[in-house]
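Q: Okay, here's what each chain looks like letter by letter:
Number of protein chains: 2
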Amino acid sequence: MRVTWFNGGIVDGAIALDPRDRGLLLGDGVFETLLVTGGKAQWLDRHFARMGNAAAELGIAFDGGNIGKAATDLARKAKDISVLRITLTRGVAARGLGSDGQSPSLLMSLDAFDPALMFQAASLMTSKIRRNERAPSSRLKTLSYIDGVMAVREVRGRADDALMLNTAGKAASATIANVFLLKGKSLATPSLDQGVLPGIMRGLVLEHAAKLGYAVVEGIIEPEDLLAADVVFLTNSLRVIRPVTHLDGRMLAQNGLEDLIAEMKPRLMERMS
Amino acid sequence: MRVTWFNGGIVDGAIALDPRDRGLLLGDGVFETLLVTGGKAQWLDRHFARMGNAAAELGIAFDGGNIGKAATDLARKAKDISVLRITLTRGVAARGLGSDGQSPSLLMSLDAFDPALMFQAASLMTSKIRRNERAPSSRLKTLSYIDGVMAVREVRGRADDALMLNTAGKAASATIANVFLLKGKSLATPSLDQGVLPGIMRGLVLEHAAKLGYAVVEGIIEPEDLLAADVVFLTNSLRVIRPVTHLDGRMLAQNGLEDLIAEMKPRLMERMS
Chain B
0 MRVTWFNGGI VDGAIALDPR DRGLLLGDGV FETLLVTGGK AQWLDRHFAR
50 MGNAAAELGI AFDGGNIGKA ATDLARKAKD ISVLRITLTR GVAARGLGSD
100 GQSPSLLMSL DAFDPALMFQ AASLMTSKIR RNERAPSSRL KTLSYIDGVM
150 AVREVRGRAD DALMLNTAGK AASATIANVF LLKGKSLATP SLDQGVLPGI
200 MRGLVLEHAA KLGYAVVEGI IEPEDLLAAD VVFLTNSLRV IRPVTHLDGR
250 MLAQNGLEDL IAEMKPRLME RMS
Chain F
0 MRVTWFNGGI VDGAIALDPR DRGLLLGDGV FETLLVTGGK AQWLDRHFAR
50 MGNAAAELGI AFDGGNIGKA ATDLARKAKD ISVLRITLTR GVAARGLGSD
100 GQSPSLLMSL DAFDPALMFQ AASLMTSKIR RNERAPSSRL KTLSYIDGVM
150 AVREVRGRAD DALMLNTAGK AASATIANVF LLKGKSLATP SLDQGVLPGI
200 MRGLVLEHAA KLGYAVVEGI IEPEDLLAAD VVFLTNSLRV IRPVTHLDGR
250 MLAQNGLEDL IAEMKPRLME RMS
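Top line first, the protein sequences correspond to chains B and F. Oh and the first sequence: position 258 is 257 in numbering that gives the first Met the number 0, straight run, nothing missing. Oh and the second sequence: position 43 is 42 in numbering that gives the first Met the number 0, straight run, nothing missing.
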């Protein structure tokens with residue numbers, strides 16, 4: 000079952016979009032993708048803090064109270080585990096990249112989500128496309144997602160997702176997930192200055208791992224480090240923890256994976272009904 | 000006067016867009032912006048060749064014959080000098096970045112364009128945001144334009160456009176224009192591997208300059224080279240040639256600018272009625 004909400008109400012079929020909307024014309028907007036369980040959007044406060052920060056950095060009007068209420072109402076309609084996507088555009092602006100927008104468009108959709116995907120393993124291939132740590136957009140969840148689209152198309156049929164390096168050749172992330180490396184009791188992930196989105200699940204994993212006694216490191220990660228890790232895994236708000244089985248066709252170790260998931264899963268899922 | 004055409008016909012007001020359209024959700028599409036004079040879209044063949052190449056690289060269906068006919072018909076409605084924007088999205092796809100699209104959306108708009116802008120001077124400030132020459136999207140005119148949007152906002156109120164360097168610190172382009180440096184009879188512009196869009200006007204200027212006896216160089220350009228040039232100018236399909244008067248608050252030379260424009264203008268405008 001798919002539900003669409005646009006600018007104030009549920010919509011069947013197409014939405015009535017102003018053809019000057021900058022979200023469509025220039026990828027000029029932000030979005031969030033939330034896991035919905037028990038009719039409740041998970042980690043809503045964290046998603047809204049991130050979205051509000053991104054909107055502020057872009058100069059897009061963000062009415063957190065109203066958007067939050069609409070999102071909460073819509074999530075309540077979900078009968079099963081679902082994904083809620085919230086898209087906020089700059090709205091209509093005069094021609095010219097620098098123009099301020101009016102009437103931001105708010106689009107929300109609710110789609111079924113298969114919970115079997117939440118801890119499903121994945122293979123990675125390294126993309127030739129680099130994430131640009133020299134652009135602040137690499138840390139913002141904007142609608143301008145073409146590099147991720149192209150990276151996934153590049154590895155399609157050979158791997159489940161692409162590992163993207165940054166322009167300095169260091170590991171950054173997958174196209175829709177952060178990457179973590181476990182080695183003994185040390186858990187490492189690329190720092191945000193490496194061209195990385197501040198994933199909600201990334202933040203949760205870092206916090207819980209620290210509480211569980213892991214040595215948590217955010218920093219520079221060489222691509223070769225992935226081959227030497229005990230476990231490599233991906234995180235995002237929907238797929239939670241995805242163990243990485245292969246990188247560029249080479250099998251990765253999975254030493255201690257079961258213990259890690261056994262420790263982390265109840266903490267990451269604690270608020271879910 | 001503004002005219003909108005969407006998926007087969009003229010539309011008043013809003014367009015009926017599928018809320019799953021990847022153009023809106025992921026900046027997953029391409030566009031072209033054409034100058035219209037005398038009811039005719041200028042350099043239509045070149046714009047379509049570029050758009051077709053970009054669509055092919057992205058795996059987006061491109062029906063050049065039908066799009067060309069619709070664009071030609073729409074341009075004919077323009078009473079005055081206008082700008083025709085053609086936007087083509089991937090259309091609707093299953094969730095997941097790598098999914099193929101169905102039913103690409105084709106949006107075209109016709110807006111008035113003030114011909115006084117065509118050779119208007121501009122000031123530049125260097126943006127902190129780098130163009131990513133390590134991503135093929137830097138050479139494609141896609142809907143994912145957020146870095147340009149952010150760069151213009153960064154310099155807004157201080158300059159007319161942003162000069163963007165690439166991740167290696169070399170000059171790339173402005174946000175919506177290519178950059179050229181004239182020094183004596185040598186005309187230089189960053190090569191496409193520097194993270195540069197293959198501008199239609201860029202190509203025309205290079206061709207005509209070569210015929211006029213200029214030594215034409217596409218290569219690596221240091222930002223400092225702009226300060227030492229006889230003339231720095233920007234090109235795009237609408238603003239044709241924009242002399243750059245200031246870079247980061249420093250006044251640039253304009254030695255030989257009038258001669259250059261006197262030589263180039265009739266050739267660049269020759270097909271216009």
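Keep in mind the hints are simulated off the structure, nothing from the lab. Heads up, some of the hints might be wrong.
Heads up, the list lumps identical chains together, so a pair's fine if it works in one copy or across two of them.
[Unchecked claim] Simulated pairs of lysine-lysine, DSSO-like, Cα-Cα distance not exceeding 30 angstroms: (1) Lys39 to Lys76; (2) Lys140 to Lys127; (3) Lys264 to Lys39; (4) Lys210 to Lys184; (5) Lys169 to Lys127; (6) Lys169 to Lys76; (7) Lys169 to Lys140; (8) Lys184 to Lys68; (9) Lys210 to Lys140; (10) Lys68 to Lys182.
Q: Does each hint fit the structure? Answer for all of them.
A: Hint-by-hint comparison with the structure:
no., hint, verdict
1, Lys39 to Lys76, "within (9 angstroms within a copy, 51 angstroms between copies)"
2, Lys140 to Lys127, "both (21 angstroms within a copy, 19 angstroms between copies)"
3, Lys264 to Lys39, "within (18 angstroms within a copy, 62 angstroms between copies)"
4, Lys210 to Lys184, "within (12 angstroms within a copy, 67 angstroms between copies)"
5, Lys169 to Lys127, "both (13 angstroms within a copy, 21 angstroms between copies)"
6, Lys169 to Lys76, "neither (42 angstroms within a copy, 52 angstroms between copies)"
7, Lys169 to Lys140, "both (21 angstroms within a copy, 27 angstroms between copies)"
8, Lys184 to Lys68, "neither (41 angstroms within a copy, 64 angstroms between copies)"
9, Lys210 to Lys140, "within (28 angstroms within a copy, 46 angstroms between copies)"
10, Lys68 to Lys182, "neither (42 angstroms within a copy, 60 angstroms between copies)"
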